[in-house]
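Peer 1: Construct the entire structure; sequences and hints are all you get.
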Amino acid sequence: MKSFVTLLKNELKLNIRNMNMVIFAVIMPLVVLVILGFIYGTKPAADGTAYSFLEQSFGALCCISICAGGLMGLPLVVSEYRERKILKRFQVTPVSPAKLLTVEFAIYVIYCVVSMLTLFLVAMLFWKIKIHGSLLLFLGSWLLTMVSTLSIGLLVGGIAKNMKSASVIACILYFPMLIFSGTTLPFEVMPVAMQKIISIFPMTQGIQLMKATFLGLPTENVLLPVVVMGAVILICFGISVKCFKWE
Amino acid sequence: MQTAIKVEQLSKSYGNLLAVDKISLSVKCGTVYGLLGANGAGKSTTIECILGTKRADSGTVSVLGFNPQKDRRRLFQNVGVQFQENDYQPEIKVSELCDETACLYEAPADWRKLCEQFGIGGKVDNAVKNLSGGERQRLFIVLALIPNPELVFLDELTTGLDAKARRDVWKILSELKDNGLTIFLTSHFMDEVEALCDEICILKKGKAVFYGTVEQAKKASGCEKFEDAYLALSGEVVEE
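Protein chains in written order, with my numbering: chain A, 1244 to 1490; chain B, 2 to 241.
In short, the hints are calculated from the structure, not lab data.
This structure is a prediction, so every number in the text was calculated from the model and none was measured.
One thing to keep in mind: the hints can contain errors.
Claimed, not checked - Cross-link-like lysine-lysine pairs, in silico, PhoX-like; alpha carbons within 25 Å at most:
1. A:Lys1331 / B:Lys220
2. B:Lys124 / A:Lys1256
3. B:Lys130 / A:Lys1252
Stated by the list, open to error - Now the stretches of chain A that chain B is said to cover, found in silico as 3 or more residues with beta-carbon under 8 Å:
4. 1324-1332
5. 1337-1346
6. 1450-1458
Ideal Cβ positions, reconstructed from N, Cα and C, are used throughout, including at glycine.
Peer 2: Written out as structure tokens, the structure reads:
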């Protein structure tokens, strides 16, 4: 446990010093929020809805940091450590692969938490958003979305041959999810055929779930997203620990 | 006397290239063992097979009584390693690298004291990338000693060090040996091998061509100077 805390502290410091994630996972979502805030203010999402546009978008905004951490940050840092033979140095110490992966995983969880909290505070202070649904259910769906996306990132970092292929895979996952999962374009405006295809992204499921729980909308099919994301988490974690390569 | 490392009939090839060919060796506890040979003779591959970071094609390895691949986590509580090529996180500081290494062990040594001993005590707040080559080399020896090991592997330990720093490192290693540390090293400096090693093994194209002490090497080759003996035994032809 002591070694976990020390590793986490050191690796977090290094990660912040690098600034990439501070910009992409914390500052960028805030910038998007502020832009949306200036455009829409406290206007309702549509005529007659009880909730504002910002409230409707809040779940999607939280996903920007989840995407950045899970699909860019995490796979790249793990594959970089392997390529630079930093993992090889760890191989000749008593540390377990699971512990190393958990440390890196935890760093991106911290970024997602910080991003979600800052988004909520700013949106609450300036545009008075509030949760219409259930806080607990919203946090639950946020957590599920985050852990499932991060575990995909862990898998990519764990099995990619080198940094270059990790970065290619990360891009292939990152941009479609960022654009098509409903993070930037609203899910509702897409053609039905496309909606069906992108429903397999855990992020699409997550955003729908977050939106429903945040706004207090009826959730007809909770089981499907929970099962999809749960399966993704188990499979990705299992494979990345089992197939872990030191070099 | 107990055996720290026992290697029997170790072989490893990369594709068609036979890098290590049926090497057997045994290192007694509390001694310094030198693995010598030209570049590409198979030294690093041998070390990596002993450590378990590479899988041998055949042969058996036992380190402190453990199988390095099966008992990795227990073995490396008591073994320190300095690889020939070392890398580190891009922005990491000396203190962070030491701290991160020390936290992995049950009973680590005081890394600040080790840094002092190796003459980099004033550099702990610097970024590792800003150290000079020699300072970085000493830092990686420090990292190998942080576990408070019974056994330490040093691959080309003093490459990049100036004459004074080399002597300092020898002195510290000799003291550690007197306190019971077993050292397995590779080196291209024959004065260093002569000063430190109790026993040596010379590799040539993956095969062990000589086992014994420095004195025995001189006798076997009929050379007065150890460097000449090494060249004769390893079959390196020097144009006069």
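Peer 1: A separate judgement is required for each hint: does it hold in the structure or not?
Peer 2: Now for the hints, and whether the structure bears them out:
| no. | hint | in the structure |
| --- | --- | --- |
| 1 | A:Lys1331 / B:Lys220 | violated, 40 Å |
| 2 | B:Lys124 / A:Lys1256 | holds, 19 Å |
| 3 | B:Lys130 / A:Lys1252 | holds, 20 Å |
| 4 | 1324-1332 | holds (count 6) |
| 5 | 1337-1346 | holds (count 3) |
| 6 | 1450-1458 | violated (count 0) |
This entry does not satisfy hints 1, 6, going by the numbered hints stated previously.
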